[in-house]
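Top line first, the protein sequences correspond to chains A and B.
Using my numbering, read the first sequence as starting at 1 and increasing by one per residue.
Using my numbering, read the second sequence as starting at 217 and increasing by one per residue.
Hints are computed from structural coordinates only; laboratory data are not their basis.
Keep in mind that this is a model prediction, so the values were computed, not measured.
Check before you lean on any hint, since a few could be wrong.
Unchecked claim - Think about it this way: if two alpha-carbon atoms lie no more than 30 angstroms apart in a straight line, the pair counts; the simulated BS3-like pairs of lysine-lysine are:
no. : chain 1 : residue 1 : chain 2 : residue 2
1   : B       : K535      : B       : K385
2   : B       : K513      : B       : K526
3   : B       : K533      : B       : K392
4   : B       : K327      : B       : K272
5   : B       : K487      : B       : K327
6   : B       : K422      : A       : K165
7   : A       : K112      : B       : K272
8   : B       : K526      : B       : K487
9   : A       : K53       : B       : K327
10  : B       : K258      : B       : K327
11  : B       : K526      : A       : K66
12  : A       : K66       : B       : K422
13  : B       : K513      : B       : K470
14  : B       : K385      : B       : K513
15  : B       : K291      : B       : K327
16  : B       : K385      : B       : K361
17  : B       : K327      : B       : K396
18  : B       : K291      : A       : K165
19  : B       : K283      : B       : K272
20  : B       : K361      : B       : K283
21  : A       : K165      : B       : K283
22  : B       : K487      : B       : K340
23  : B       : K272      : A       : K165
24  : A       : K171      : B       : K272
25  : B       : K272      : A       : K116
26  : B       : K258      : A       : K66
27  : B       : K258      : B       : K291
28  : A       : K116      : B       : K470
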Amino acid sequence: AMEELLPSHFPASRAAAVAAAFIRYRHAGPGRGLALGTIRRAHREDIDAVGRKYHLELVLEDIRDKDSAVNCTAEVLYPLDNKNTVPDVQFTLEGELQNSDEADDMFYNQIKSLDKELVARNIPDSQGNVSPELEPIHLLAWAASGYVIWQNSTENTNFQLAQTKQVTQVKRSDEYLQFDYMILLHEMVSQEIIPWQLTVLWHPRHGVQVPQDSRQ
Amino acid sequence: DQVLYIVPETFQQVQHLQHLCNTLLLDLWEPLLPEEITTGGKLHIRVPGPLVQEVKDSLDQHMISYKVLIPDVQKLVNQNMPRERTSPEDYVYTRYHPMEEIYQWMIDIEKNNSELVTRHYLGKTTENRTIYYLQISQPSNRIKKIIWMDCGIHAREWISPAFCQWFVKEILQNYKSDPKIARFLQNLDLFVLPVFNIDGYVYSWKEDRLWRKNRSPYNNGTCYGTDLNRNFNSSWGTAGISYNCSSEIFCGPKPESEPETRALAQFFRNKSSDILCYLTIHSYGQYILTPYGSTTKPPSNSEELIDVAKEASAVLKGKYGTSYKVGPTSSILYSNSGSSRDWAHMIGIPFSYTFELRDNGTYGFILPPDQIQPTCEETM
Numbered sequence: 001a002m003e004e005l006l007p008s009h010f011p012a013s014r015a016a017a018v019a020a021a022f023i024r025y026r027h028a029g030p031g032r033g034l035a036l037g038t039i040r041r042a043h044r045e046d047i048d049a050v051g052r053k054y055h056l057e058l059v060l061e062d063i064r065d066k067d068s069a070v071n072c073t074a075e076v077l078y079p080l081d082n083k084n085t086v087p088d089v090q091f092t093l094e095g096e097l098q099n100s101d102e103a104d105d106m107f108y109n110q111i112k113s114l115d116k117e118l119v120a121r122n123i124p125d126s127q128g129n130v131s132p133e134l135e136p137i138h139l140l141a142w143a144a145s146g147y148v149i150w151q152n153s154t155e156n157t158n159f160q161l162a163q164t165k166q167v168t169q170v171k172r173s174d175e176y177l178q179f180d181y182m183i184l185l186h187e188m189v190s191q192e193i194i195p196w197q198l199t200v201l202w203h204p205r206h207g208v209q210v211p212q213d214s215r216q
Numbered sequence: 217d218q219v220l221y222i223v224p225e226t227f228q229q230v231q232h233l234q235h236l237c238n239t240l241l242l243d244l245w246e247p248l249l250p251e252e253i254t255t256g257g258k259l260h261i262r263v264p265g266p267l268v269q270e271v272k273d274s275l276d277q278h279m280i281s282y283k284v285l286i287p288d289v290q291k292l293v294n295q296n297m298p299r300e301r302t303s304p305e306d307y308v309y310t311r312y313h314p315m316e317e318i319y320q321w322m323i324d325i326e327k328n329n330s331e332l333v334t335r336h337y338l339g340k341t342t343e344n345r346t347i348y349y350l351q352i353s354q355p356s357n358r359i360k361k362i363i364w365m366d367c368g369i370h371a372r373e374w375i376s377p378a379f380c381q382w383f384v385k386e387i388l389q390n391y392k393s394d395p396k397i398a399r400f401l402q403n404l405d406l407f408v409l410p411v412f413n414i415d416g417y418v419y420s421w422k423e424d425r426l427w428r429k430n431r432s433p434y435n436n437g438t439c440y441g442t443d444l445n446r447n448f449n450s451s452w453g454t455a456g457i458s459y460n461c462s463s464e465i466f467c468g469p470k471p472e473s474e475p476e477t478r479a480l481a482q483f484f485r486n487k488s489s490d491i492l493c494y495l496t497i498h499s500y501g502q503y504i505l506t507p508y509g510s511t512t513k514p515p516s517n518s519e520e521l522i523d524v525a526k527e528a529s530a531v532l533k534g535k536y537g538t539s540y541k542v543g544p545t546s547s548i549l550y551s552n553s554g555s556s557r558d559w560a561h562m563i564g565i566p567f568s569y570t571f572e573l574r575d576n577g578t579y580g581f582i583l584p585p586d587q588i589q590p591t592c593e594e595t596m
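Input sequences plus hints: build the corresponding full structure.
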């Protein structure tokens with residue numbers, strides 16, 4: 001049974017937030033920030049004994065270039081299963097995202113050439129500022145938070161990244177960059193601010209990985 | 217910036233302090249040069265604000281004890297300088313302001329626009345701060361209907377008080393030259409409350425940027441804060457709330473338990489027949505929300521409410537392309553009872569709206585200051 005949903009209503013916007021989070025985790029990084037733009041259409045399908053699947057037509061925006069909108073279709077399936085509560089997300093991007101190689105490589109080389117491990121706090125700061133040097137660190141947090149948000153979303157939640165409280169680089173002998181993040185997530189329905197610790201691995205060609213995370 | 221007082225006890229400590237001074241380029245007040253640091257000799261170092269935590273952490277790590285000699289260098293400087301009152305024309309509307317500056321701004325605005333603006337007492341907060349609102353009123357024989365706008369019910373939504381201040385500035389700068397504003401003021405009075413939850417706002421500046429509620433103590437002072445926007449007597453305690461003080465949506469022990477809520481409610485009960493429109497400004501999300509949050513049953517004038525909101529949203533979008541979604545809170549966002557907006561409508565104020573300003577989640581509550589101007593301009 002498939003019903004059309006109003007894109008402005010919360011069932012659609014919550015599912016869209018999950019889809020955007022997942023897409024961020026897969027495609028965003030220090031050189032690319034992806035924001036959810038318009039939700040163009042939304043449908044909901046009840047699948048007996050499996051769960052509820054949202055069919056979405058979304059627009060994603062690269063925050064470095066407001067005019068670079070990419071259309072996207074996504075499916076978000078919230079399972080009925082009590083044991084596996086992670087929503088299943090499938091998506092197709094129509095068209096290409098803006099190339100981020102230059103920004104990614106620049107960040108990679110900058111970090112690799114630091115003598116001391118990078119440490120930073122409060123991104124953005126209270127006033128809303130993110131210094132240009134820390135912008136890629138902020139975008140990486142945003143991408144990695146996509147993983148945590150995806151893993152922990154339900155039909156009754158809507159998570160956004162509120163702030164990075166602290167980030168500490170961990171030097172590695174292999175080609176990956178590693179950062180230990182303490183972030184604050186804002187959950188819209190309960191209005192709670194939830195601290196979350198996560199280990200983030202990143203490489204320009206291999207994207208974002210979150211091998212370990214823990215709600216604080 | 218802080219000035220720290222340290223007396224190094226060992227040679228390793230001396231070395232570490234010299235290292236800190238040299239790598240972080242700290243401002244040594246005493247002695248003059250890092251080379252002059254010795255064990256047993258007293259050190260006064262000025263540490264720039266952004267580095268304070270890092271330096272203190274480093275000292276802790278190396279077991280170097282310190283005292284804070286001057287906790288706020290700028291404050292001391294200000295106190296020692298002849299008081300130069302910055303003129304109100306210099307007020308920077310594209311920056312976020314702490315409460316002391318907003319209090320002063322209200323005084324200055326009234327003084328400089330005394331033909332139009334009067335500052336009024338609304339009530340007191342839990343921590344005994346005074347809540348003021350501004351009345352913008354063109355003198356006239358007729359009794360005019362009132363448009364009420366409040367900002368800052370939720371402490372962390374800094375763009376909201378910024379908007380109230382901007383709004384006042386725009387009206388006062390343009391009422392003589394802009395025919396639309398002039399006509400507005402001929403027929404209506406504007407009441408603007410720039411910061412409703414003052415204690416919470418102050419707390420979000422000093423202690424916790426993401427604080428939301430007020431600062432009422434509960435459970436013997438082990439837990440603080442009621443969500444003022446769940447504390448009004450509109451189906452209080454029925455939806456989207458918690459009875460637990462530790463929750464961000466704690467609705468209080470009973471409706472209007474909070475002095476802030478009571479202050480507004482009393483004012484409205486006295487004046488409700490004169491109030492045409494109630495606007496309450498929040499962030500974030502980009503919505504224009506209509507009643508109700510506590511139920512999906514539409515209000516009696518639902519169609520008209522939505523029509524007006526849709527027109528507003530279209531005009532808003534025309535400015536910078538920003539999309540604001542329109543609809544009742546219970547469908548668009550979530551259920552919530554005890555909101556000021558619902559209560560205003562329930563006591564008979566026909567047009568009652570919640571605005572959720574920028575953005576969509578990219579920065580959320582901590583909106584960069586360069587977005588203050590476009591947000592305010594489009595919302596205006």
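Checked hints:
{"no.": "1", "hint": "B/K535 <-> B/K385", "verdict": "19 angstroms, holds"}
{"no.": "2", "hint": "B/K513 <-> B/K526", "verdict": "20 angstroms, holds"}
{"no.": "3", "hint": "B/K533 <-> B/K392", "verdict": "26 angstroms, holds"}
{"no.": "4", "hint": "B/K327 <-> B/K272", "verdict": "44 angstroms, violated"}
{"no.": "5", "hint": "B/K487 <-> B/K327", "verdict": "26 angstroms, holds"}
{"no.": "6", "hint": "B/K422 <-> A/K165", "verdict": "16 angstroms, holds"}
{"no.": "7", "hint": "A/K112 <-> B/K272", "verdict": "27 angstroms, holds"}
{"no.": "8", "hint": "B/K526 <-> B/K487", "verdict": "28 angstroms, holds"}
{"no.": "9", "hint": "A/K53 <-> B/K327", "verdict": "60 angstroms, violated"}
{"no.": "10", "hint": "B/K258 <-> B/K327", "verdict": "50 angstroms, violated"}
{"no.": "11", "hint": "B/K526 <-> A/K66", "verdict": "24 angstroms, holds"}
{"no.": "12", "hint": "A/K66 <-> B/K422", "verdict": "34 angstroms, violated"}
{"no.": "13", "hint": "B/K513 <-> B/K470", "verdict": "24 angstroms, holds"}
{"no.": "14", "hint": "B/K385 <-> B/K513", "verdict": "38 angstroms, violated"}
{"no.": "15", "hint": "B/K291 <-> B/K327", "verdict": "26 angstroms, holds"}
{"no.": "16", "hint": "B/K385 <-> B/K361", "verdict": "21 angstroms, holds"}
{"no.": "17", "hint": "B/K327 <-> B/K396", "verdict": "25 angstroms, holds"}
{"no.": "18", "hint": "B/K291 <-> A/K165", "verdict": "26 angstroms, holds"}
{"no.": "19", "hint": "B/K283 <-> B/K272", "verdict": "10 angstroms, holds"}
{"no.": "20", "hint": "B/K361 <-> B/K283", "verdict": "58 angstroms, violated"}
{"no.": "21", "hint": "A/K165 <-> B/K283", "verdict": "26 angstroms, holds"}
{"no.": "22", "hint": "B/K487 <-> B/K340", "verdict": "19 angstroms, holds"}
{"no.": "23", "hint": "B/K272 <-> A/K165", "verdict": "17 angstroms, holds"}
{"no.": "24", "hint": "A/K171 <-> B/K272", "verdict": "24 angstroms, holds"}
{"no.": "25", "hint": "B/K272 <-> A/K116", "verdict": "18 angstroms, holds"}
{"no.": "26", "hint": "B/K258 <-> A/K66", "verdict": "55 angstroms, violated"}
{"no.": "27", "hint": "B/K258 <-> B/K291", "verdict": "24 angstroms, holds"}
{"no.": "28", "hint": "A/K116 <-> B/K470", "verdict": "54 angstroms, violated"}
Consistency with the previously given hints fails for numbers 4, 9, 10, 12, 14, 20, 26, 28, ordered from lowest to highest.
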